[in-house]
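Engineer: Those protein sequences? They're chains F and L, same order as listed. Residue numbers are given in the numbering used here: position 59 of the first sequence equals residue 49, and the series is strictly consecutive. Heads up, the numbering used here is the position in the second sequence plus 133, with the first residue counted as 1.
Some hints here could point you the wrong way.
Pair ranges (Cβ atoms, derived) [unchecked claim]: (1) Gly255(L) to Glu233(F): 31 to 41 Å; (2) Gln77(F) to Val252(L): 32 to 42 Å; (3) Ala86(F) to Val140(L): 55 to 65 Å; (4) Ile2(F) to Leu242(L): 19 to 29 Å; (5) Val209(F) to Leu229(L): 53 to 63 Å; (6) Asp227(L) to Pro210(F): 51 to 61 Å; (7) Lys223(L) to Asn65(F): 18 to 28 Å; (8) Gly255(L) to Gln77(F): 26 to 36 Å; (9) Glu233(F) to Leu273(L): 29 to 39 Å; (10) Gly133(F) to Lys223(L): 53 to 63 Å; (11) Ile2(F) to Leu281(L): 23 to 33 Å; (12) Leu144(L) to Lys111(F): 15 to 25 Å; (13) Arg257(L) to Gln71(F): 36 to 46 Å; (14) Lys223(L) to Asp62(F): 32 to 42 Å.
Some chain F residues flagged as far from chain L (calculated, every beta-carbon gap over 10 Å) [said to hold, decoys possible]: (15) Leu11; (16) Arg130; (17) Asp165; (18) Glu234.
Keep in mind that the hints were calculated from the coordinates and are not lab data. We put the CB at the ideal spot given by N, CA and C, even for glycine.
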Amino acid sequence: MKKSFTNKPVLIMVIAIVLLLVLAFFSASSRTIPWLENAVGVIVRPVQTFAFKASNSIAGFFSNLFNTTDADLENARLKQQLALFEQTKLDYAELAKENERLRALLNYSGSIGDFEYVTAKVIGRSSGVWFDTLTINIGRSRGIEVGMPVISGDGLIGKVTDVGLNWCKVTSIIDSTVTVAVTVERTRDNCMVRGVFNTASSASKLELYYLPTDLTDLVPGDIIMTSGIGGIYPKGIRVGTVEEVMLDTDTSGINAIVAPSVDFLHLEEVMVITDFGGAG
Amino acid sequence: MRKWLLVLSLLLAFWLDTIFFNLVGLYGMMRPDVMLAVTVSLGVLMGPAPAAAIGFGMGLLADIFFNKIVGLTALTYMLSGVAGGLFFHKFYADNLVIPTVTAMACSFLKEHILLIASVIAGARPPYFLTFATYIIPCFLLTGGVCLLIHLFFKKNLYRQLWRQEAIKLE
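Excised from the complex, chain F in its bound form:
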């Protein structure tokens, strides 16, 4: 034992292990990036952006090798248009319902969607299945702060959990340690979703739970939106679609499996909501 403490390499190793464990402990909670992390990030971020773009090009090249016909391209374009149309239709339905409710109550207090956004590119992603974090190319220099909600054209992505000078990390809603307060768009029931731990398939899912009403009320195809409860995310952002309703809630407490509206595997651009004054 005494020899271990006089052995310089062992001593350095022990100190390094202790320091890394302390770092891991403190970094487990949301915080702004310490100066050392920040400095490394500022220097390496341009290289990282270039590497990610190059990788995308390589992946795109191989993808195009097998996907070059006019029909494929047309199909991709039509799918994009359909998604846009569905989002517009959903926005309209949501606004109409909200308007109806607020007219009935005669207590209008504002509507959703009128936020300021900063767009960003995804430049990296956490490896492995244990956590799901995205790295994007904007940070404190663009007014980004911890807790700001992040969305894409398809719906909710997550929230900012670490901020550097010109980059930040976003913990996505498919991370199995994250929960989001949501509403079933058709029935207006409030409940929660959290990420499903997923190893076998590349398509991530969400678990919907704490649904207060009768299960039969929920059907596959129901749309799930953020409820705004808790103040972390704005109300009315699309989260996903109910895929499967679970009947054995007594044992698992899960009411349904939800397919996220965002394709987390092919995210390239996101928007950070910078003026949402929630509790996030």
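Using the hints provided, position chain L relative to the given structure of chain F.
Structural biologist: This is chain L only, laid out in the frame that chain F set:
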């Protein structure tokens, strides 16, 4: 020593692990841990101290940029370098079983450290399902990649490392 080759290998490993495998995917989420394989192989060829330093540096960079908890990957890669270094000068560099099995064991350890961290953070992963569908394929793939990397390093780096050792002894 072909330093440029070593630097290029480290950069390639970093790129493969943090960007490429995320974009292309293999089957589901399973993937080899190339940086860990490189660290173990360098440990066997260069000794524990340089391998631990390399593992620490690459792991910390990966943590800072991509991972939710900073320090855990650095810790596991550093320990992997030390684990590989335990066999430095104790076996012939031709022995491929040692680095392969060490890389598999280190990958197994790394995934379990991250599993514990995720449980502490609030996740409830189904252990046996995760073990069967993710941890086992990952450590098998990592062992396989380490075998290939060790073959490459042995061919391209070992002779010069051996010469350096010989000069030191003189």
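Engineer: Given a hint of 55 to 65 Å, does the C-beta separation of Ala86(F) and Val140(L) actually sit inside it?
Structural biologist: 60 Å, holds
Engineer: Check the following: the C-beta atoms of Glu233(F) and Leu273(L) are separated by a distance inside 29 to 39 Å.
Structural biologist: 31 Å, holds
Engineer: Assuming the hint says 31 to 41 Å, is it satisfied by the Cβ distance from Gly255(L) to Glu233(F) or not?
Structural biologist: Violated - the Cβ-Cβ distance for Gly255(L) and Glu233(F), about 23 Å, lies outside 31 to 41 Å.
Engineer: If I claimed the Cβ atoms of Leu144(L) and Lys111(F) lie 15 to 25 Å apart, would that claim hold in this structure?
Structural biologist: At 21 Å between Cβs, range holds.
Engineer: Mind checking the hinted window 53 to 63 Å against the Cβ distance between Gly133(F) and Lys223(L)?
Structural biologist: 56 Å, holds
Engineer: Does 18 to 28 Å hold as the CB distance between Lys223(L) and Asn65(F), or does it fail?
Structural biologist: Violated, at about 59 Å.
Engineer: Beyond 10 Å from every Cβ of chain L: is that where the Cβ of Glu234(F) lies?
Structural biologist: Fine: 17 Å to the nearest Cβ keeps Glu234(F) off the interface.
Engineer: Regarding Lys223(L) and Asp62(F), is the given constraint of 32 to 42 Å on their beta-carbon distance met?
Structural biologist: The hint (32 to 42 Å, Cβ to Cβ) is violated, given that Lys223(L) and Asp62(F) are roughly 56 Å apart.
Engineer: Decide, holds or violated, for the assertion that all CB atoms of chain L are farther than 10 Å from the CB of Asp165(F).
Structural biologist: Its Cβ does come within 10 Å of chain L, the nearest being 8 Å, so this is violated.
Engineer: Can you let me know if the beta-carbon spacing of Ile2(F) and Leu281(L) is within 23 to 33 Å?
Structural biologist: 31 Å, holds
Engineer: Does the beta carbon distance between Gln77(F) and Val252(L) stay inside 32 to 42 Å, or does it fall outside?
Structural biologist: 36 Å, holds
Engineer: Against the range 26 to 36 Å, how does the distance between the Cβ atoms of Gly255(L) and Gln77(F) compare: consistent or not?
Structural biologist: 31 Å, holds
In summary, the numbered hints that this structure violates are 1, 7, 14, 15, 17.
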